[in-house]
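**Q** Okay, here's what each chain looks like letter by letter:
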Amino acid sequence: MQEIQKLGMKPTRFGFGEGLVELGTRHDNVVVLGGDITGSVMTSLFKEKFPERFFSIGIAEQNATTIATGLALSGKIPFFASYGAFCALRNADQLRISVCYNEANVKIGGGHAGISVGPDGATHQVLEEVAFLRTLPHMTMIVPADFEEAKKATIAMGEMVGPAYIRFGRSPVPMFTTADSPFVLGKANQLTDGNDVAILTNGWMVWESIVAAQELAKRGIKARVINVHTVKPIDVEAIVTAARECGCIVTAEEHQVHGGLGGAVAEVVCKNSPVPMEFVGVKDSFGGSGEPEELMEKFGLTWKEIYASALVAMERRDKGSSGFRMVKDVAVYNG
Amino acid sequence: MSSQFAVEFDSTVYENKRRFPEEFAPIANSIRQDIVKALVLAGSGHSGGPLGSSDIFAVMYFGGYMRYDVNNWFGSSRDRFVLSAGHMAPVMYATIANTGAFPRSEMATLRKYNTRLQGHPGRDMGLPGVETSSGSLGQGISIAVGMAMSDKHLDKNDHRVFCLTGDGEIQEGSVWEAAMSASHFKLDNFCWIIDNNDCQIDGRVPEVMNVYPIKEKCEAFGFDVIECNGHSYTELMNAFDRFMANQQNGTGKPTAIIAKTYMGHGVSFMNDKFEWHGKPPSWEQAAVALQELNN
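Line by line, the protein sequences are chains U and H.
Residue numbers for the first sequence follow the numbering used here, so the first one is 1 and each next one is one higher.
Residue numbers for the second sequence follow the numbering used here, so the first one is 1 and each next one is one higher.
To be clear, the hints were calculated from the coordinates, so they are not data collected in a lab.
Do not rely on the hints blindly, as some may be mistaken.
Mimicking PhoX-like on lysine-lysine, the simulated pairs with C-alpha atoms at most 25 Å apart in a straight line are [claimed, not checked]:
no.	chain 1	residue 1	chain 2	residue 2
1	U	Lys222	U	Lys10
2	U	Lys218	U	Lys319
3	U	Lys49	H	Lys253
4	U	Lys218	U	Lys271
5	U	Lys47	H	Lys186
6	U	Lys6	U	Lys319
7	U	Lys6	U	Lys304
8	H	Lys112	H	Lys253
9	U	Lys49	H	Lys156
10	H	Lys112	H	Lys156
11	U	Lys47	H	Lys156
12	H	Lys253	H	Lys215
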């Protein structure tokens, strides 16, 4: 299989911060609202460069979200960023009624997402917001995989019209895309060619999926890794094609297995081209303290789970489906 | 139903200009009649708040305080009004209809299928004058603060932003987040009107959850606070005049007008009765109400 190089490590939040500065340079009406943790979510870069277009709202996510709505309804392009735990769920009603029902051009940056926040523990490790956000009418939902992609996604969401949310993480993650890599909102990127199993993934788990594909290749299994950076609107064509050509799918995300990318992909697959699916993600539990790598291991978010799930998915496909049996500790339907 | 009667909407519209206090009475009456007619036709909706705040709306929209272009509402440079208490939509719709921005007869479609006059305001319907969707309480005031920030600090124009909340609504904590930010950002172009009728669905406000003292709270949050009789055109004019002066003088203080009103005011059997928060009149009651308003 084609080699995908690791180009170093950097947090996706750095890409968000740099993308904002680029947007601010390009557009006079981009404004940023701070939620007290501007250094953590890197809006501090914009604040330094464009102090007259930065407003500190303090620890008040509901207010910041609705102030952003007012700014948007007055022709501005407001970005509000905080930790995803607080700027996707604490303000859920504001996102639903004020932002989305108004179709307000509000942009939200949800940082410190996923289990990889590490030592801060479960309260800060948001694992549910993708499920919520993708049910909101008019919302665009993006989960970039690395630094460059986060930067491009930030610029793209600022230059589209309508509510949008970007999810990014705290810890450094492998970089494998460059400034020249393609990025189009709503268009998934196929990273490896293969027809044996499709791995649909986003965020940090894209790199883990690449590693899983490399390991599968050692067994002669060609996996098609697709980076579904935009969860909404989802790339139906890429998913249906993968289902038809591979016959089985694994999804991998740093999120609850319910309702996130896996759910979004399953909706498309069930309707258009039903095939066996396996879901890698956090299995209906809260996180906890620890180093990011320890936690990814503990909660089953490494290439090893993706690898094992790929084998299970292929086996289910090959045996057909006419009964239940236990695979790992999960009941699955197969022959 | 035998007691139904033919409902007709007057087509008179009113100019927005500096007025003598007594000139507002026929306008407020016209707004109240449209509210009663629309609600009886809808068969559901909120009577109490809209009727009780009709005098406030008459002064705010027709006294030269808010600047708007009825022929090109959203295309124009304008002052904005945000109805944070979204359930009071009928009074906002009736008021805008009385400006001539859309036909008063359209009030007959209130809450009906495909109407622009949604049960709670929906901006997606494109009704002139409806700046934002609202209905989940406590949010409109933050939106208004965002608009006022945009006007004062980014576009640096002299636009005014008005926002009306209920008094029960200020039980929502995020209202106070908004209030805090209005004074933090020195929004002297922002006018918060609290429709202080002391009623909410479950009963009297202090019994459901005491919000008093409101005046001292608003003062502590940095507002210039004006308490007034929300049914006195003179007092309402004085209050809006003081807001205008605050902005013109660059006081850096937002204005809060605590307008003491009676829920359902203008219709005797609804006056000061919290039971009228969320229901429409029956046909018989509407006939009596319209008769009273016509006298």
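**Q** Which numbered conditions among the earlier hints are violated in the structure presented, ordered from lowest to highest?
**A** 1, 3, 4, 6, 8, 10
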